[in-house]
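> One letter stands for each residue in the lines below.
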Amino acid sequence: MYDGKQVRPAYRQLVDWVESTSPESLAQKKQEAEALFRRIGITFAVYGEGGDTERLIPFDMMPRVFTEAEWRKLERGVKQRARALNAFLYDVYHRAEIVRAGVVPADLVFRNEAYEPAVVGIEPPGRVYSHIVGIDIVRTGPEDFFVLEDNCRTPSGVSYMLENREIMMRMFPELFRSSRILPVDDYPQRLRRTLASVAPRKCDGEPVSVILSPGSFNSAYYEHSFLADQMGIEIVEGQDLFVQGEFVYMRTTEGPRRVDVIYRRIDDSFLDPLCFRPDSMLGVPGLMNVYRSGGVTICSAPGAGVADDKAIYIYVPDMIRFYLGETPILKNVQTWKCGDPSDRKYVLENLKDLVVKEVHGSGGYGMLVGPKSTKEQIDAYAERIKADPGDFIAQPTLALSTCPTFEDSEGLAPRHVDLRPFCLVGQEVHLCAGGLTRVALKEGSLVVNSSQGGGVKDTWVLAD
Amino acid sequence: MLSRTAENLYWLTRYMERADTMARLLEVGYRMALMPSAGEGYRNEWASLVAAAGSSAGFEAKFGEDFRQRDVETWLFFDRENPSSVVSCIETARQNGRAVRTALTSEMWDALNGAYLDLRDIERRPRSEALLPQLCDWTKRQGSLLRGTTEGTHLQNDGFDFLNLGYYLERGDNTARLLDVKYYVLLPTTSMVGGAVDTYQWSTLLRALSAYRAFHWSYRGDYTPRKVAHFLILNASFPRSLLHCQQQIAAHLGRLAAAYGTRTVAHDRMQVMLGELSEARVEDVIEEGLHEFLSRFIHQNAALGQDVAHSYLFGVQ
Chain A
1 MYDGKQVRPA YRQLVDWVES TSPESLAQKK QEAEALFRRI GITFAVYGEG
51 GDTERLIPFD MMPRVFTEAE WRKLERGVKQ RARALNAFLY DVYHRAEIVR
101 AGVVPADLVF RNEAYEPAVV GIEPPGRVYS HIVGIDIVRT GPEDFFVLED
151 NCRTPSGVSY MLENREIMMR MFPELFRSSR ILPVDDYPQR LRRTLASVAP
201 RKCDGEPVSV ILSPGSFNSA YYEHSFLADQ MGIEIVEGQD LFVQGEFVYM
251 RTTEGPRRVD VIYRRIDDSF LDPLCFRPDS MLGVPGLMNV YRSGGVTICS
301 APGAGVADDK AIYIYVPDMI RFYLGETPIL KNVQTWKCGD PSDRKYVLEN
351 LKDLVVKEVH GSGGYGMLVG PKSTKEQIDA YAERIKADPG DFIAQPTLAL
401 STCPTFEDSE GLAPRHVDLR PFCLVGQEVH LCAGGLTRVA LKEGSLVVNS
451 SQGGGVKDTW VLAD
Chain B
1 MLSRTAENLY WLTRYMERAD TMARLLEVGY RMALMPSAGE GYRNEWASLV
51 AAAGSSAGFE AKFGEDFRQR DVETWLFFDR ENPSSVVSCI ETARQNGRAV
101 RTALTSEMWD ALNGAYLDLR DIERRPRSEA LLPQLCDWTK RQGSLLRGTT
151 EGTHLQNDGF DFLNLGYYLE RGDNTARLLD VKYYVLLPTT SMVGGAVDTY
201 QWSTLLRALS AYRAFHWSYR GDYTPRKVAH FLILNASFPR SLLHCQQQIA
251 AHLGRLAAAY GTRTVAHDRM QVMLGELSEA RVEDVIEEGL HEFLSRFIHQ
301 NAALGQDVAH SYLFGVQ
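Those sequence lines, one after another, are chains A and B.
Going by UniProt numbering, the first sequence opens with residue 1, and the numbers climb by one from there.
Going by UniProt numbering, the second sequence opens with residue 1, and the numbers climb by one from there.
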């Protein structure tokens, strides 16, 4: 948000507001916000640590602001990417033109762990595989948006987007009266319509959609139940569903009820013990047979993960050109593949300036941030890369944009942020005017993952 | 609604009601222990409490046959090995609630979650500070909070009916068991009927059911098995009597039948039970034998619970 030393105009009103409000009153608001979050029970689970596994995600009251013009550009870019990713998914499970044309190497697709041979040749409704695409974006300059990562399976965090806004509106109604902030609260209804729009071939009435959750012990359970509540659909677990004949049913107090669309929040491998992991207790035996014969739609479609793999990421701009014949609007971050000998040589020589990630990792675990690491850490990481080079990619550290953030001692201070907007793909493609802004709360830190000390803030798009 | 949701709602209230009963029982034990030489009946008062809670075998396996006060308190309030201890009941109730949070109002969830968080605190404090009467009061208050928020905030839909079916099936069972224990277990010989011990035990039983004052309002005068049996079994105005529980079950099953458009085996059994209780005179009960009558009721009540489960909770195929 800083334009040199100057605050960008979009933030002017907010800064005026902060300057005219006493520090005590701001501190009190902060406490209020935290109490609200705790009461509602929005927590996330941190893996790999002992002690209390349910923690509150830190919330920063200072919103991140986009102008509508900036947002429209971003929107075009995100939608373009979501369309290309879905075209790619359809292609690799059918004729695989993009592989035959030599644009994407065959081994990266067909020997990818996320490639699912069981769904080859299946025709999902509307040819959509990834119905909710979450694209992680960073900004490095006024016009420069870079994509860090695509999430085609079941991107989480949308409940934060909605709750952050809810809490901001409750605490600072005066800001909403004076600014024209585009609403985000239509997201659940849009999602419901998106799910209904991909009802299966055999559905002959009003489609019945459900959310399939692993259950209340899952770290994202709050989000699952929140979305079910907001959409007015049932949240089910595997044991609530069963297959009979050509359809999937849920067990209700009024007898079996047919289910047409399943928004699943469990991994592919757990969906159907008859088709994938036989020890899965979370799935529904026989589900894949019904899916194949057009009796149910699964969102996202099994096998969608092959499009958001970090090794495939490199080829997304090529996909956009290949399938849509368009110029990519959002840029990719330059990426070196450690599996490639010359790339590997460069990476190993420049580790101190690079960010290295595991190809299949997520959540900020197991990554190396060169400029923030000691020589010992870098050397140890180099050994890991040499042992299994194909598992790693490297990217330059970007000059990420910063956003004013409340900081205990200094008041407002710039902190690095990224953004995950949520794009819905059904009969139509829709991008919600907002998203999840994650912020690195430590000064200078570039890691925004909540599991690594990151926080969240509200994201505003100001109407022109 | 999803069968699993209905099942969670049903067990949530059953366990909260059971926690309430356990707290009342402990209160009775505490009161009896204050009275010298009352223990001529069953082995001792504390043993009779564990028998009333229906968990003698579990207790003896863990603590032996000496029913010491501290052990019984531990067993009935804190022990997680006892599935009916207050701690176990509240944790199970909260677990059932957490699994169906969107089916609860936020006030109900606050009541349930608040009880659970308080319990954590209570367990962290040294036992010497956890005085039994206070623990019992606290437990009863949690039950009332949930009950009140349910009445005050929950939609009067099928979920509300399943919540109430849980309450009344559990409550009927608990009343029958407590009455049976007093009559059959506490007082082994008929020669003691009407004695000081007998009177004392009747008044304690009524206190355990929060019915001491209510009994005197309704009947006045001395305790007789006949009056107490009438009060606890056949007096529909007493909210813990078997007849009242049965009437409430009938009302909620009736609402479900109206909402879903079908009656089930649960309705058949409920109708038979309600018919008998509505028409019964206390003479009939005494003639059959109080213990025999109560055993038969407990058995039928459990079967009714099974019927409800088969008709709604396990998912109709």
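Source of the hints: derived by calculation from the structure; they are not laboratory data.
These numbers were taken from a predicted model, which means no experiment stands behind them.
Among these hints, one or two may not hold up.
Unchecked claim - From the derived model, a few chain B residues whose C-beta atoms are all more than 10 angstroms from chain A:
hint, residue
1, Arg31
2, Gln69
3, Asp158
4, Arg213
As the list claims (entries may be wrong) - Stretch by stretch, here's where chain B covers chain A in the computed footprint (C-beta under 8 angstroms, at least three residues):
hint, stretch
5, 170–183
6, 231–239
7, 252–258
By construction, the Cβ of each residue, glycine as well, lies at the ideal position given by its N, Cα and C atoms.
> It remains to establish, for every hint, whether it holds in the given structure.
Here's how the hints hold up against the structure:
Interface exclusion of B:Arg31 from chain A stands, the closest Cβ pair being 39 angstroms apart, more than 10 angstroms. With 10 angstroms as the threshold on Cβ separation, the claim that B:Gln69 sits away from chain A holds: the shortest Cβ distance comes to roughly 35 angstroms. At roughly 6 angstroms, the least C-beta separation between B:Asp158 and chain A is not larger than 10 angstroms, which violates its mark as non-interface. With a cut of 10 angstroms on Cβ distances, B:Arg213 stays outside the contact zone with chain A, its closest approach being about 38 angstroms.
Remark: the stretch 170–183 of chain A is not confirmed as covered by chain B, as 0 of its residues place a Cβ nearer than 8 angstroms to a Cβ of that chain, below the required three. Given a C-beta distance limit of less than 8 angstroms, the hint that chain B covers the stretch 231–239 of chain A holds, as 5 residues qualify and 3 suffice. Only residues whose C-beta sits within less than 8 angstroms of a C-beta in chain B count toward coverage, and the stretch 252–258 of chain A has 5 of them, enough to reach three; the restraint holds.
Taken one by one, the earlier hints fail for this structure at numbers 3, 5, listed in ascending order.
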